[in-house]
Amino acid sequence: MRVVVCIKQVPDTTEVKINPETNTLMREGVQSIVNPFDEFAIEEGIRIKEAHGGETIALTMGPPQAEEVLKTALAMGCDKAYLISDRAFAGSDTLATALTISAAIKKIEEKDGPVDIVICGKQAIDGDTGQVGPGIAVRLNLPPLTYVSKVREINPEQKYIIVERLMERGKEVVKSTLPALLTVVKDINTPRYPSLFEIKKASKKPMIKLTFNDLGLREDQTGLKGSPTWVNKIFSPDLKSVSGEIFQGEPEECVKKLTEKLLEITKGVSL
Amino acid sequence: MSYVKIDKNLCVGCGACVDACPVGALFMEGDKVEVNDKCNLCGSCVGVCPVNALSIPREAKKVDLSDWKGVWVITEHDGKKPVTVTFELLGEASKLASKRDTYVGAVLLGNNVAFMADELFSYGADRVFLCESPVLEHYRTEPYSEVIVEMVKHFKPEIILSGATTQGRDLAGSVATKLETGLTADCTGLEICPETGNLLQTRPAFGGNIMATILCPNTRPQMSTVRPKVFPVPPKTDKKGDIVNFSFDFSKLNIRTEVLEYLPFEEKISLADAEIIVSGGRGLGKPENFEILKELADTLGAALGASRAAVDAGWISYEHQVGQTGKTVRPKIYIACGISGSVQHMAGMKHSDIIIAINKDPEAPIFKISNYGIVGDLNVIVPLLTKELKKHLGS
Ligand SMILES: Cc1cc2nc3c(=O)[nH]c(=O)nc-3n(C[C@H](O)[C@H](O)[C@H](O)COP(=O)(O)OP(=O)(O)OC[C@H]3O[C@@H](n4cnc5c(N)ncnc54)[C@H](O)[C@@H]3O)c2cc1C
Ligand SMILES: Nc1ncnc2c1ncn2[C@@H]1O[C@H](COP(=O)(O)O)[C@@H](O)[C@H]1O
Chain A
18 MRVVVCIKQV
28 PDTTEVKINP
38 ETNTLMREGV
48 QSIVNPFDEF
58 AIEEGIRIKE
68 AHGGETIALT
78 MGPPQAEEVL
88 KTALAMGCDK
98 AYLISDRAFA
108 GSDTLATALT
118 ISAAIKKIEE
128 KDGPVDIVIC
138 GKQAIDGDTG
148 QVGPGIAVRL
158 NLPPLTYVSK
168 VREINPEQKY
178 IIVERLMERG
188 KEVVKSTLPA
198 LLTVVKDINT
208 PRYPSLFEIK
218 KASKKPMIKL
228 TFNDLGLRED
238 QTGLKGSPTW
248 VNKIFSPDLK
258 SVSGEIFQGE
268 PEECVKKLTE
278 KLLEITKGVS
288 L
Chain B
1025 MSYVKIDKNL
1035 CVGCGACVDA
1045 CPVGALFMEG
1055 DKVEVNDKCN
1065 LCGSCVGVCP
1075 VNALSIPREA
1085 KKVDLSDWKG
1095 VWVITEHDGK
1105 KPVTVTFELL
1115 GEASKLASKR
1125 DTYVGAVLLG
1135 NNVAFMADEL
1145 FSYGADRVFL
1155 CESPVLEHYR
1165 TEPYSEVIVE
1175 MVKHFKPEII
1185 LSGATTQGRD
1195 LAGSVATKLE
1205 TGLTADCTGL
1215 EICPETGNLL
1225 QTRPAFGGNI
1235 MATILCPNTR
1245 PQMSTVRPKV
1255 FPVPPKTDKK
1265 GDIVNFSFDF
1275 SKLNIRTEVL
1285 EYLPFEEKIS
1295 LADAEIIVSG
1305 GRGLGKPENF
1315 EILKELADTL
1325 GAALGASRAA
1335 VDAGWISYEH
1345 QVGQTGKTVR
1355 PKIYIACGIS
1365 GSVQHMAGMK
1375 HSDIIIAINK
1385 DPEAPIFKIS
1395 NYGIVGDLNV
1405 IVPLLTKELK
1415 KHLGS
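Protein chains in written order, with our numbering: chain A, 18 to 288; chain B, 1025 to 1419.
Treat the hints as calculated values from the structure; they're not laboratory data.
Don't be surprised by glycine CBs; every beta carbon is placed ideally from N, CA and C.
Among the hints, a few may not be true.
Said to hold, decoys possible - Here are the computed lysine-lysine pairs in the DSBU-like style, where the Cα-Cα straight-line distance is at most 30 angstroms:
(1) K1411(B) - K188(A)
(2) K1310(B) - K203(A)
(3) K218(A) - K128(A)
(4) K124(A) - K226(A)
(5) K278(A) - K1104(B)
Claimed, not checked - Derived CB-CB ranges, DEER-like:
(6) E84(A) - E1204(B): 27 to 35 angstroms
(7) K218(A) - P1288(B): 29 to 37 angstroms
(8) E67(A) - S1341(B): 25 to 33 angstroms
(9) D1322(B) - A68(A): 39 to 47 angstroms
(10) K1056(B) - P81(A): 48 to 56 angstroms
(11) K1384(B) - P131(A): 33 to 41 angstroms
(12) E67(A) - G1338(B): 22 to 30 angstroms
(13) K1056(B) - L213(A): 41 to 49 angstroms
(14) P1311(B) - D231(A): 49 to 57 angstroms
(15) G187(A) - G1213(B): 27 to 35 angstroms
(16) I216(A) - G1338(B): 24 to 32 angstroms
(17) D1142(B) - E84(A): 55 to 63 angstroms
(18) K1056(B) - E236(A): 52 to 60 angstroms
(19) K1032(B) - S220(A): 20 to 28 angstroms
Just chain A, with the same shape it has in the complex (with noise of 0.2 angstroms):
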């Protein structure tokens, strides 16, 4: 089995915070980290690897420094990373980003051999679109298979996998022929932390670098020209501020009053 698994650098976006006199971001502080949900995807493709052998291959495709995500997914034990970086991708939407890993997908196999699994996370928590996994399969024309919280069954032989998928209401069971590709929720696993030994080992994997030159693509299908979608203007979410009724003081005086408002308003509401 040789599985790829995408995955992207972000920024934590939990230590992101608001100026509320200037509306702007602020961030000092904030890290770069593997996107949560791609270290669901790197744990499974090592998972697949290590049940059916072959290898499992880690890609990113981002600036220079986001070779650091590659290392973390070298220590958790991919056996080899690539990073997609030129500044003919800066700016690319979620089409132009698809169309690039895609072709990066290719020229690994051209080099290493055919894929046969293709790992995403659910989606990434800057732009939280999970659109680059379904965009990745249609380029590939591998079956997509989103939204999974178990791997029930992969047959190498038959080339097959039985995944489950999350869905609003309940679990859906689909059967799919191999290649395939998967986006992961966080149900599926749990993700291991690399050991000391490991981080060390990695520093040994090879870490390739792929350029737009390398990708046989054209210039007007990557970056700002190879994105249909614009970001016309970015602002602070408006919260309503209304002027409410808070109640202070003695508990039973205060759900008494708040109590009366509830009756008040629940008399439309079949209780």
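With chain A's structure known, arrange chain B with the ligands on it following the hints.
Okay, now just chain B with the ligands, sitting in the frame of chain A:
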């Protein structure tokens, strides 16, 4: 390739853009701003510049988009009935279509689903584009996306909306890539420019910390997935419309997936449909405290919600999470207990009709959006409230 363009003659050195840049690419050099190679042209800085000194270099394209007409909604259904977000989108599509003087189309795919067309008309569709086949019995990305792509190429809609549900996002991602057009995820606001037909798609990003308005000016259709419960369901009318039957040759498809079974969750009252939600956060302190919330919820016939902090702590399962990465809800009453009111949480519940907060910290941000609230310890307040309500409701 270039970086964000800075007009040094205009720059007043206020530094607003430096604060706005999420990747730290902008810095002050003397009294003017400079950019380094971290710039990924995301555009966050452009709008905050008070003197319009920043721009993203774009090539103006001359493209004729006049063939593209109509606002489409992709119907999501369970075989028996469209899901609520479909009606919400039909309401929104009607508004957009009237500003563009065009029609509202509903795409309806499935096996023996034509009977749903009347309901789609009654919520605003002028035309229903129908394709029926046993192949379409269960939703599967490949056949559904292929049919829709062929429909789009044939009828050329200007806009396509679908719900930002697991199914809607999965489908839209495939369709947009096949059509090589823009797709904006998880929109919470839609406006249209009546002249150009450009859709201004507003959505949260960076975990809800910022809002972005996205355009797709040079390609059609413009596609968006839209969060459920953000727009209201429009009033039902007795409007009628036309069914357009679309035939598709499924024999040419090589479908590689098969749905083996579907395992529905057991839920008493689903969060999505509840009129009242009682929600708990980190302030509960321990898992057992969900019991006191449950008692309040049962008294009111409410569903149980939670903040991510409570879910991450393992006190309650993920299905109950409300917010940016959980569910968006729009109940008549939302009671937040021991929830501080982070932007990510509020992104999922701020559209509730009435918000009530119980929190011991009078400064908690949740109070800013609350219609009523009590400052106090929830361990005391919640049981008291349950008792008081039981007295009046007689149960
Ligand atoms: C990308 C991203 C996505 C996210 N998505 C979501 C999401 O979908 N949903 C979500 O909820 N969060 C989400 N978060 C997390 C969010 O940022 C907050 O961390 C979270 O909402 C905090 O939950 P909380 O309000 O329960 O906890 P806290 O912020 O810790 O607040 C606890 C509150 O309880 C009060 N309290 C404590 N003890 C008592 C008591 N005895 N009686 C009364 N009050 C008491 C405190 O005063 C405090 O206000 C997301 C974050 C990121 C980065
Ligand atoms: N620049 C990137 N490099 C590698 N993988 C990416 C990149 N962007 C997105 N992905 C993958 O696609 C998933 C969904 O991202 P998104 O569509 O941006 O929400 C992520 O969880 C990653 O697995």
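Results of checking the hints against the structure:
1. This hinted pair does not check out: K1411(B) and K188(A) have alpha carbons roughly 38 angstroms apart, beyond 30 angstroms.
2. Among the hinted pairs, K1310(B) with K203(A) is consistent with the structure: their alpha-carbon atoms are about 23 angstroms apart, no more than 30 angstroms.
3. A distance of roughly 23 angstroms separates the Cα atoms of K218(A) and K128(A); the hinted pair therefore holds under the 30 angstroms criterion.
4. Proposed proximity of K124(A) and K226(A) is supported: the alpha carbons are some 11 angstroms apart, at most 30 angstroms.
5. Restraint check for K278(A) and K1104(B): not satisfied, since their Cα atoms lie roughly 39 angstroms apart, outside the 30 angstroms limit.
6. Roughly 30 angstroms separates the CB atoms of E84(A) and E1204(B), a value that falls within the hinted 27 to 35 angstroms.
7. Against the hinted window of 29 to 37 angstroms, the Cβ-Cβ separation of K218(A) and P1288(B) comes to about 45 angstroms, which falls outside the hint.
8. Restraint check, E67(A) to S1341(B): a C-beta distance of roughly 28 angstroms satisfies the suggested window 25 to 33 angstroms.
9. Between D1322(B) and A68(A) the C-beta distance comes to about 45 angstroms, which sits within the given range of 39 to 47 angstroms.
10. Checked against the hint of 48 to 56 angstroms, the C-beta distance between K1056(B) and P81(A) comes to roughly 26 angstroms, which is inconsistent with it.
11. A beta carbon spacing of about 59 angstroms between K1384(B) and P131(A) contradicts the range 33 to 41 angstroms that was offered as a hint.
12. The hinted window of 22 to 30 angstroms between E67(A) and G1338(B) holds, with their beta carbons roughly 27 angstroms apart.
13. Distance hint check for K1056(B) and L213(A): the Cβ-Cβ separation is about 46 angstroms, which falls inside the suggested range of 41 to 49 angstroms.
14. The given range of 49 to 57 angstroms is respected by P1311(B) and D231(A), whose C-beta atoms sit roughly 52 angstroms from each other.
15. Distance hint check: the CB atoms of G187(A) and G1213(B) are about 30 angstroms apart, consistent with the given range 27 to 35 angstroms.
16. Separation of I216(A) from G1338(B) is about 29 angstroms and conforms to the stated range, judged on CB atoms against 24 to 32 angstroms.
17. In this structure the supplied range 55 to 63 angstroms holds for D1142(B) paired with E84(A), their Cβ-Cβ distance being about 57 angstroms.
18. Restraint check, K1056(B) to E236(A): a C-beta distance of roughly 31 angstroms breaks the suggested window 52 to 60 angstroms.
19. For K1032(B) and S220(A), the Cβ-Cβ distance of about 43 angstroms falls outside the hinted range of 20 to 28 angstroms, so the restraint is violated.
In this structure, the hints that do not hold are numbers 1, 5, 7, 10, 11, 18, 19, in rising order.
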